[in-house]
Amino acid sequence: MEYGVATTQGSEEIDRGLALAAEEMAAKAGVKPPYDEMQAPDGSVRPHFAVLARRLAALGPGELDERQRTLERFFLLQGITFTVYGAESSTERIIPTDLLPRIIPADEWARIETGLVQRLQALNLFLADIYGERMILKDGVVPRELVLGAPSYRREMQGLYVPHQAYANVCGSDLIRQEDGEYAVLEDNLRVPSGVSYMLANREASKRTFPGTFRLAGVRQIDRYPDLLLSTLRSMAEWRPNPQVVVLTPGVYNSAYYEHAYLARLMGAPLVEGRDLVVHDNMVYMRTTSGLRRIDVIYRRVDDDFVDPLTFRRDSSLGVPGLFNAYRAGTVVMCNAPGTGVADDKAVYAYVPEIIRYYLGEEPILPNIETFLCREPAQLSHVLANLDKLVVKAVGASGGYGMLIGPHASIAQREEFAQAIKVDPDNYIAQPTIQLSTAPCLIDGEVEARHVDLRPFILSGEKITVTPGALTRVALRKGSLVVNSSQGGGSKDTWVLAGPGDDLS
Amino acid sequence: MMLARVADSLYWIGRYVERAEHVARLADVMLTATLDRAETAAQVARIALSAVGDATPEKIATPFESARALTLDRMDGSSVVSSLALARENARQVRDQITSETWERLNLVHLRLSGAVAARSFNDGSSAFLHDIIADLHLFKGAADATMSHGEGWRFLLLGAHLERAQLIGRLLEVCFGRGVERLDHPTLTAVLRMSCALEPYLRVYTADVRARPILEFLLLNPEFPRSIRFSTDEIEAHLSVLARHTEAVHTGPGRLAGRLKARLQYADMAEIERDGSHVFLEGVLADCGAIHSAVYDAFVAYPLEMRLPA
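Note that the protein sequences, when read in sequence, are chains Z and G. Sequential numbering from 3 applies to the first sequence in my numbering. Sequential numbering from 3 applies to the second sequence in my numbering.
For the record, the hints were derived by calculation from the structure and aren't laboratory data. What you were told as hints is all true, and nothing was included just to trick you.
Partial list, computed: chain Z residues near chain G (C-beta under 8 Å):
| # | residue |
| --- | --- |
| 1 | Leu79 |
| 2 | Gly81 |
| 3 | Val254 |
| 4 | Ala263 |
| 5 | Arg267 |
| 6 | Leu273 |
| 7 | Val274 |
| 8 | Asp278 |
| 9 | Val280 |
| 10 | His282 |
| 11 | Met288 |
| 12 | Arg289 |
| 13 | Thr290 |
| 14 | Ser292 |
| 15 | Gly293 |
| 16 | Leu294 |
Listing some non-contacts, in silico: residues in chain Z with all C-beta distances to chain G over 10 Å:
| # | residue |
| --- | --- |
| 17 | Pro43 |
| 18 | Thr72 |
| 19 | Thr116 |
| 20 | Gly134 |
| 21 | Ala186 |
| 22 | Pro243 |
| 23 | Ser257 |
| 24 | Ala258 |
| 25 | Ser319 |
| 26 | Ala411 |
| 27 | Lys465 |
Calculated Cβ distances over 10 Å to all of chain Z for the following chain G residues:
| # | residue |
| --- | --- |
| 28 | Val119 |
| 29 | Asp147 |
| 30 | Arg173 |
| 31 | Arg181 |
| 32 | Asp187 |
| 33 | Pro189 |
| 34 | Pro203 |
| 35 | Tyr208 |
| 36 | Phe220 |
| 37 | Pro225 |
| 38 | Phe227 |
| 39 | Asp236 |
| 40 | Arg277 |
Ideal Cβ placement from N, Cα and C applies to all residues, glycine included.
Could you put together the complete structure from these sequences and hints?
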């Protein structure tokens, strides 16, 4: 049972392969069991989980199931669903939600929080440098061609003023917990990260399901997220007296549409589509019932490529013609800034610890997963020699494509991949196979351990804030390590406990 | 101030919900009439099906199947299930503009109709099923009234609902009374009152004297009954006069048309209407409703940008 870089993206076959091989792998010597969030290796319950364990012990057999069904009805009624399009008709499914919360003690959270702030600070400085003086490239800390050749690098952003140097206003980093209990960053999502509405909806759900336990545990509140998001966005247009903020969505058929509408509603900001906006004389307006109204800040949930057909993809109808020019002219702010993807590129990821040292002169608080870059000859030979132990991933690909999970691949598959790597080494990275921690989940009425990861949300504008909560994604199938909602993954609430110095909000 | 697209969606939610309620009621009355004499049942079925536009002899002969199609046929754009799917789709697009309470009611009735059990529920007890749908739609309207701010968005919702209602009742009256007051028997006239949800309020005003002329008068000109055309045109005018206040006063189009229509009904005289033929009057009302719809679009939604750009 091991884990490569497959948490965020992985095909079903890969997943099934992992699940089948789980026991076989565990039997092999040298494989450490995963870290369990609730149970210590000696079988005792970790102290911060005690409050939940007591509640679970007190519940009758059918009760948990009953609560799960209540929760699912609540989600269906609220329309917290995604649509599955079929040949005849389309059906709506709720996002699988597990009602047992994952609990994080205050001291662990404090470390995560400072680590995330440090990381985003450095990444924002990195972006400002890359699109400005490029000192880090001149100093040879990060290879020039790695950055300037990345598909997510946007030369249009060169020399463009970004307030507070806050490029990634909303960031959702994926953390995992290794066998020794140490948190590590698997991926930084700096483009248009989603999932925050599930974090908030899961909280609503767990408050209903375990009201008493919730109170007893002393959980820090997350309901101020929309508030904080709004003030972060407003802080990006401080020169305007009362900046008009809008949320730009690709539209109702986007899988994250629910989230766009949810955030717009809770912020009190209009939810606009590209066709609602007009650019005239480098000013952006929205079409209202009483004519055109100027807007100042666009929280865009549309990918870089689609925001402006005049600047980026011409065939896009989701964006607004002329928007990027208005942005360059400084009359409107886009959040996140275009081109942030270059800082969460899979190859640049390997340099993040160096980036932190370079800009902040500090040691990284949250470690990376060890990553080998095939572009470096020494690392390439290590990768080729250890293909049976590593997970290899194509830099430009996502969705589980172009990935090799060494321990489960056939000799022929490894041979094929070795050839591909030799032909285009720049395009590949490799990581060791790692366990994900497990947490108790409700599966068919029974409490069982399932693998989880952690996605906290970090806001950066005038200042950087981390919301004391997160989306915990769960691989609901036994032994599976794939937590994507499209691949049988679900999510659960995350309780961050208040420490002596924290107030609950 | 609200997005033009949002106003458009709210307006259509109002229209679709009103249409769904009306069609559900027609289906229900049509089914109830099958318990009457065969001629009455056929007459009622003809009126109900004509009022939604499609009365073939086969459909009239099979009222149960026709009622089921009016309710559940997804291929029929004006069926209850289609209207509510469209209403909900519009609501999804403006999910940030309507309250959760309002959304939940609409989502719930949509789920009830589109679920796998809908056809079975209809077959098991069509009247109870339709009754529940209509009650759910009343809850939706109640939730909108009780929880949404009575501002611009709410007014667009009601504008759509009343414009649709005036047109639906207008069409029903045209079918029943347009070509001179036909010889409709007593049970059929009662069924017409039921189709407009007007039986009890009518009896209160005219007692049990169920005749064609007072029915026409009641559904056209009664100032208090919420489904009379007079009442709807009062509402349309009231909402439009406030909506126009939010906009710059460059377009008085829809407000003027609504005011004229309101006056036309306010000062109408039953004897005059009968002298000219009620179909003339009804056609005029329906044409005005269509003109108001276009004028609303021109003023609030699909206005030319050149007119609105800052100087």
